[in-house]
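Trainee: Since chain G is already given, all that's left is putting chains R and L on it; use the hints.
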Amino acid sequence: MYQINQERDNLVISKLTNQFGDAILDHELLTDMLCLTVQKGSLQNIMLFLHNDHELQYNFLTSLCGAHYPETNRLGVIYHLHSFANNHRIRIKTSTELEKPYISTITSIWPAANWQERETYDFFGIIFDGHPNLKRILNVDEMTSFPLRKDFPLEDQTREDKDDSMFGR
Amino acid sequence: MVQKKFNTGYWAKDIVSTEEPKEYNTLNVGPTHPATHGVFQNVMLMDGEFIVSTEQTIGYIHRAFEKIAEHRPFYQITPLTDRLNYCSAPLNNMGWHMTVEKLLGIETPKRVDYLRIIVMELARIADHLICNTVIGVDSGALTGFTYLFQDREFIYEIYEEICGSRLTTNMGRIGGFERNFSPKAWEKIRHFLKSYPKNLKEFENLLMRNRIFMDRTINVGAFSAERALAYGFTGPNLRACGVDYDVRVMNPYSSYNEFEFDVPIGQSGDTYDRFMVRQEEMWQSLRIIEQAVAKLDQMDDKETYFAPDPRFVLPPKEKVYNNMEALIWHFKIVMGETDIPPGEVYHSIEAANGELGFYLVSDGGRTPSRLHFRRPCFIYYQAYPEMVIGNMLSDAVLTMSSMNVIAGELDA
Amino acid sequence: MTQIITKPNVVEAPEGISGEGYFLTSLDKAVGLARKNSLWPLPFATSCCGIEFMATMAATYDLARFGSERLSFSPRQSDLLMVMGTIAKKMTPVLREVYIQMAEPKWVIAVGACASSGGIFDTYSVLQGIDRIIPVDVYVPGCPPRPEQIISGILKIQDLVGNESLRRRNSEAYNELLGKYNIE
Numbered sequence: 000m001y002q003i004n005q006e007r008d009n010l011v012i013s014k015l016t017n018q019f020g021d022a023i024l025d026h027e028l029l030t031d032m033l034c035l036t037v038q039k040g041s042l043q044n045i046m047l048f049l050h051n052d053h054e055l056q057y058n059f060l061t062s063l064c065g066a067h068y069p070e071t072n073r074l075g076v077i078y079h080l081h082s083f084a085n086n087h088r089i090r091i092k093t094s095t096e097l098e099k100p101y102i103s104t105i106t107s108i109w110p111a112a113n114w115q116e117r118e119t120y121d122f123f124g125i126i127f128d129g130h131p132n133l134k135r136i137l138n139v140d141e142m143t144s145f146p147l148r149k150d151f152p153l154e155d156q157t158r159e160d161k162d163d164s165m166f167g168r
Numbered sequence: 000m001v002q003k004k005f006n007t008g009y010w011a012k013d014i015v016s017t018e019e020p021k022e023y024n025t026l027n028v029g030p031t032h033p034a035t036h037g038v039f040q041n042v043m044l045m046d047g048e049f050i051v052s053t054e055q056t057i058g059y060i061h062r063a064f065e066k067i068a069e070h071r072p073f074y075q076i077t078p079l080t081d082r083l084n085y086c087s088a089p090l091n092n093m094g095w096h097m098t099v100e101k102l103l104g105i106e107t108p109k110r111v112d113y114l115r116i117i118v119m120e121l122a123r124i125a126d127h128l129i130c131n132t133v134i135g136v137d138s139g140a141l142t143g144f145t146y147l148f149q150d151r152e153f154i155y156e157i158y159e160e161i162c163g164s165r166l167t168t169n170m171g172r173i174g175g176f177e178r179n180f181s182p183k184a185w186e187k188i189r190h191f192l193k194s195y196p197k198n199l200k201e202f203e204n205l206l207m208r209n210r211i212f213m214d215r216t217i218n219v220g221a222f223s224a225e226r227a228l229a230y231g232f233t234g235p236n237l238r239a240c241g242v243d244y245d246v247r248v249m250n251p252y253s254s255y256n257e258f259e260f261d262v263p264i265g266q267s268g269d270t271y272d273r274f275m276v277r278q279e280e281m282w283q284s285l286r287i288i289e290q291a292v293a294k295l296d297q298m299d300d301k302e303t304y305f306a307p308d309p310r311f312v313l314p315p316k317e318k319v320y321n322n323m324e325a326l327i328w329h330f331k332i333v334m335g336e337t338d339i340p341p342g343e344v345y346h347s348i349e350a351a352n353g354e355l356g357f358y359l360v361s362d363g364g365r366t367p368s369r370l371h372f373r374r375p376c377f378i379y380y381q382a383y384p385e386m387v388i389g390n391m392l393s394d395a396v397l398t399m400s401s402m403n404v405i406a407g408e409l410d411a
Numbered sequence: 000m001t002q003i004i005t006k007p008n009v010v011e012a013p014e015g016i017s018g019e020g021y022f023l024t025s026l027d028k029a030v031g032l033a034r035k036n037s038l039w040p041l042p043f044a045t046s047c048c049g050i051e052f053m054a055t056m057a058a059t060y061d062l063a064r065f066g067s068e069r070l071s072f073s074p075r076q077s078d079l080l081m082v083m084g085t086i087a088k089k090m091t092p093v094l095r096e097v098y099i100q101m102a103e104p105k106w107v108i109a110v111g112a113c114a115s116s117g118g119i120f121d122t123y124s125v126l127q128g129i130d131r132i133i134p135v136d137v138y139v140p141g142c143p144p145r146p147e148q149i150i151s152g153i154l155k156i157q158d159l160v161g162n163e164s165l166r167r168r169n170s171e172a173y174n175e176l177l178g179k180y181n182i183e
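Protein chains in written order, with numbering that gives the first Met the number 0: chain G, 0 to 168; chain R, 0 to 411; chain L, 0 to 183.
FYI, nobody ran anything at the bench for these hints, they're computed from the structure. A couple of the hints might just be wrong.
[Claimed, not checked] Straight-line Cα separation of at most 27 Å, BS3-like style, residue types lysine-lysine; simulated pairs: (1) Lys316/R / Lys183/R; (2) Lys101/R / Lys149/G; (3) Lys99/G / Lys149/G; (4) Lys88/L / Lys149/G; (5) Lys14/G / Lys39/G; (6) Lys134/G / Lys88/L; (7) Lys183/R / Lys193/R; (8) Lys92/G / Lys149/G; (9) Lys109/R / Lys193/R; (10) Lys6/L / Lys28/L; (11) Lys331/R / Lys149/G; (12) Lys39/G / Lys149/G; (13) Lys28/L / Lys155/L; (14) Lys197/R / Lys92/G; (15) Lys301/R / Lys193/R.
[As the list claims (entries may be wrong)] Far from chain R by the CB rule (all over 12 Å, computed), these chain G residues: (16) Asp8; (17) Ser13; (18) Ala22; (19) Thr30; (20) Lys39; (21) Asp52; (22) Thr61; (23) Glu70; (24) Asn72; (25) Leu97; (26) Ile108; (27) Leu137.
[Claimed, not checked] Label pairs and their computed distance ranges (CB to CB): (28) Glu48/R / Val139/G: 26 to 34 Å; (29) Thr5/L / Gly163/R: 31 to 39 Å; (30) Pro92/L / Pro33/R: 17 to 25 Å; (31) Met334/R / Lys179/L: 38 to 46 Å; (32) Arg75/L / Glu48/R: 19 to 27 Å; (33) Ala58/L / Glu48/R: 32 to 40 Å; (34) Pro251/R / Leu29/G: 15 to 23 Å; (35) Ala58/L / Pro33/R: 17 to 25 Å.
Note that the Cβ used here is the ideal one computed from N, Cα and C, for glycine as well.
Looking at chain G on its own, in the form it has when it is part of the complex:
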């Protein structure tokens, strides 16, 4: 149904562990994609390496999104990279504490990350160090909370017309 390129996966793992050593915390194969967990401090260098290395050539940032892990009280950022030359995709994950949500930006490598980082900031409150214009993008500027964190309720809390007894809650 889907293809797994074991050879390439191993190449990426060996190259990255050679270069960065302990900064690569974990690697596993999730369904069909290699997923690497990295330390947030070396994120920018790892990304630059993946982008510039002549053998790997991860030239395309497919997507960038955030995540909230309430059980560990951490915020994560998930990157999907795609190498057009080798037709290979990988996923990079990094995370930071909820109290100090700072992660370095990758807008200097891929301008495509600009709005996606702004969106992630808007949703999760992750501050991307070095981002040229980090402000809210989808929600109104006056908003103070970060809506995609798990503790934020989905429904509008100022509604008065919804009678709980009629909705069975």
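Mentor: This is chains R and L only, laid out in the frame that chain G set:
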């Protein structure tokens, strides 16, 4: 290679004297403006009729899809995907079903794959048709829009035969379709394959070598392949810049690898190229549908329309009415009370605007713990300032409509 | 489809007294008749319903048959505000401003579930129905409504327009209604 007709950038310098300090005007376009086809705001700094810089504001229909998705069972996320790119809802539906199938490891039968391909390519035609006719409208040719919209109506009719709905289709189920295609649907698909090429050809004759249209679009909003890749362009907009990236070919899904079709590319990435790439893709889509219909005709099996996975396939109605277990099972599926095994998956399809990706994380519950939509519009629209700076305002309008930015997908 | 209509439809005359060379009716009715058959809609299309509105305007359904072929994108020169699609909270002040800019008499039609009640988007970012910020005359259900439904909504509005008293816009009750929405 098409020669440059006139370069508006140089024009600006020639006309406005550069000696004195310039006075710029601020122009607000949007959020509701007839030229934007959706709700985006652009605050432009204008040097006469030329754009010096532009500041984009989006989020005017932010509906919090990702937040809703965390509170809905997997079944009930399909209606949300409808409303992402509402011009081609079935494409998004199929993409979402395939994502869940990948997570669950469901293998769909060949017949389902082919049926899906027919629906997806019809949706692609419907989407490109709107985009290209609207480019016509913005350059002053309303005729194409009123004529070709009848064919879009016909595609709607086919959708109606398949799933009962026109625009936001909520088509298909996890593992296949909710019902087999009716004989009337087949009749209409075959009729469409016969009637549409004639109309499309007529539309092409109207615009393709039309002097006015060419002057308005060639070299307007051109973009280089390197910048397009850096900005994360995908789909027709990237192909117009000359990069032959197509998810259907690079990471084939739903048996696309069995089909014969070309991936058209442009040269300079201008508005004309984007128009032409979309135009050619419609022809290719017709080709794919024809092949799929032929393949299905050759198949002995005419009944299979879902994967035999009891977790997601509703039991037959007679059983539901007469059998207790079947009724309970039906209820569980419809109410979304099926637990999904934990896992992480990324699946992408070639939607009408580019790579539509679903990043799905399940923690073993009934709802996803995280679902991220990679919306192609959202990613490539950020390059708009770079594409229009130095151009005239009227060209910026054409560039916008040729990029096919859909507000629902942009803001999610 | 190929049938060509050569005899145009003419609206029926209102009640009145007619004789040779003259026709008498009340001013209300004459004005109502004129207004209802020449509505200038302002399409405030934000999302999916806007595409169905495009279908309504296009050849198959052809809204022009009902005297509304002239879309007015300027709020100053329009009679009917058609709100189609989700209105997010970020959009709220824009919609309100558009409504305030429209000249009297003006009517509002909420097309689709989102504009009427927020629809399936019961979230922190979506306005739960436009009737929270502006008065609405007709609601069209559906997600999105079919073009037939949108046309039916327009016909309902035409009934309202045709039967409206000329003094309604100056009345106490009307000012009270606007006051409820803090519109002067």
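Trainee: A separate judgement is required for each hint: does it hold in the structure or not?
Mentor: Hint check:
1. For the hint pairing Lys316/R with Lys183/R, the CA-to-CA distance comes to about 22 Å; that is within 27 Å, so the pair holds.
2. Under the criterion of a C-alpha separation no larger than 27 Å, the hint pairing Lys101/R with Lys149/G is consistent with the structure, at around 26 Å.
3. Using a Cα cut-off of 27 Å, the hinted pair Lys99/G and Lys149/G holds, with the two alpha carbons roughly 17 Å apart.
4. For the suggested pair Lys88/L and Lys149/G, the alpha carbons sit about 21 Å apart, so the restraint of at most 27 Å is met.
5. For the given pair, Lys14/G sits about 18 Å from Lys39/G by alpha-carbon distance, which is consistent with the 27 Å threshold.
6. The straight-line distance between the Cα atoms of Lys134/G and Lys88/L is roughly 18 Å, inside the 27 Å bound, and the hint therefore holds.
7. For the hint linking Lys183/R to Lys193/R, the alpha-carbon distance of about 15 Å falls within 27 Å, and the restraint holds.
8. At roughly 19 Å between alpha-carbon atoms, Lys92/G and Lys149/G fall within 27 Å of each other, so this suggested pair holds.
9. For the hint pairing Lys109/R with Lys193/R, the CA-to-CA distance comes to about 25 Å; that is within 27 Å, so the pair holds.
10. As the CA atoms of Lys6/L and Lys28/L are separated by approximately 25 Å, the hinted pair is consistent with the 27 Å bound.
11. At roughly 26 Å between alpha-carbon atoms, Lys331/R and Lys149/G fall within 27 Å of each other, so this suggested pair holds.
12. With a C-alpha separation of about 22 Å, the suggested pair Lys39/G and Lys149/G falls inside the 27 Å cut-off, and the hint holds.
13. For the proposed pair Lys28/L and Lys155/L, the alpha carbon gap of about 17 Å is at most 27 Å, so the pair holds.
14. A distance of roughly 51 Å separates the Cα atoms of Lys197/R and Lys92/G; the hinted pair therefore is violated under the 27 Å criterion.
15. As the CA atoms of Lys301/R and Lys193/R are separated by approximately 23 Å, the hinted pair is consistent with the 27 Å bound.
16. Distance to chain R confirms Asp8/G as a non-interface residue, since its nearest Cβ pair spans about 15 Å, more than 12 Å.
17. Separation of Ser13/G from chain R is adequate, the least Cβ-Cβ distance of about 23 Å exceeding the 12 Å criterion.
18. The non-interface label for Ala22/G is consistent with chain R: the shortest C-beta to C-beta separation is roughly 21 Å, beyond 12 Å.
19. Taking the minimum C-beta to C-beta distance to chain R, about 5 Å, the non-interface status of Thr30/G is violated against the 12 Å cut.
20. Consistency note on Lys39/G: stated as away from chain R, and its beta-carbon is indeed over 12 Å from all of that chain's, at 19 Å minimum.
21. For Asp52/G, the requirement that its beta carbon stay farther than 12 Å from each beta carbon of chain R is met, with the minimum near 17 Å.
22. With a cut of 12 Å on Cβ distances, Thr61/G falls inside the contact zone with chain R, its closest approach being about 6 Å.
23. For Glu70/G, the requirement that its beta carbon stay farther than 12 Å from each beta carbon of chain R is not met, with the minimum near 10 Å.
24. For Asn72/G, the requirement that its beta carbon stay farther than 12 Å from each beta carbon of chain R is met, with the minimum near 16 Å.
25. Its beta-carbon lying about 16 Å from the closest one in chain R, Leu97/G satisfies the requirement of being farther than 12 Å from that chain.
26. Not every C-beta of chain R lies more than 12 Å from that of Ile108/G, the closest at about 9 Å, which undercuts listing it as non-interface.
27. Not every CB of chain R lies more than 12 Å from the CB of Leu137/G, the least distance being 4 Å, so the non-interface label is violated.
28. At roughly 33 Å, the beta-carbon separation of Glu48/R and Val139/G lies within the given 26 to 34 Å, and the hint holds.
29. Judged by the Cβ atoms, the range 31 to 39 Å given for Thr5/L and Gly163/R holds: they are separated by roughly 37 Å.
30. Distance hint check for Pro92/L and Pro33/R: the Cβ-Cβ separation is about 20 Å, which falls inside the suggested range of 17 to 25 Å.
31. Restraint check, Met334/R to Lys179/L: a C-beta distance of roughly 40 Å satisfies the suggested window 38 to 46 Å.
32. At roughly 24 Å, the beta carbons of Arg75/L and Glu48/R sit within the given window of 19 to 27 Å.
33. Checked against the given bound of 32 to 40 Å, the beta carbons of Ala58/L and Glu48/R, roughly 34 Å apart, stay inside it.
34. Range check, Pro251/R to Leu29/G: Cβ separation about 21 Å, and the 15 to 23 Å hint holds.
35. Taking the beta carbon of each, Ala58/L and Pro33/R are about 20 Å apart, inside 17 to 25 Å as hinted.
Figure legend: structure checked against the earlier numbered hints; hints not met, in rising order: 14, 19, 22, 23, 26, 27.
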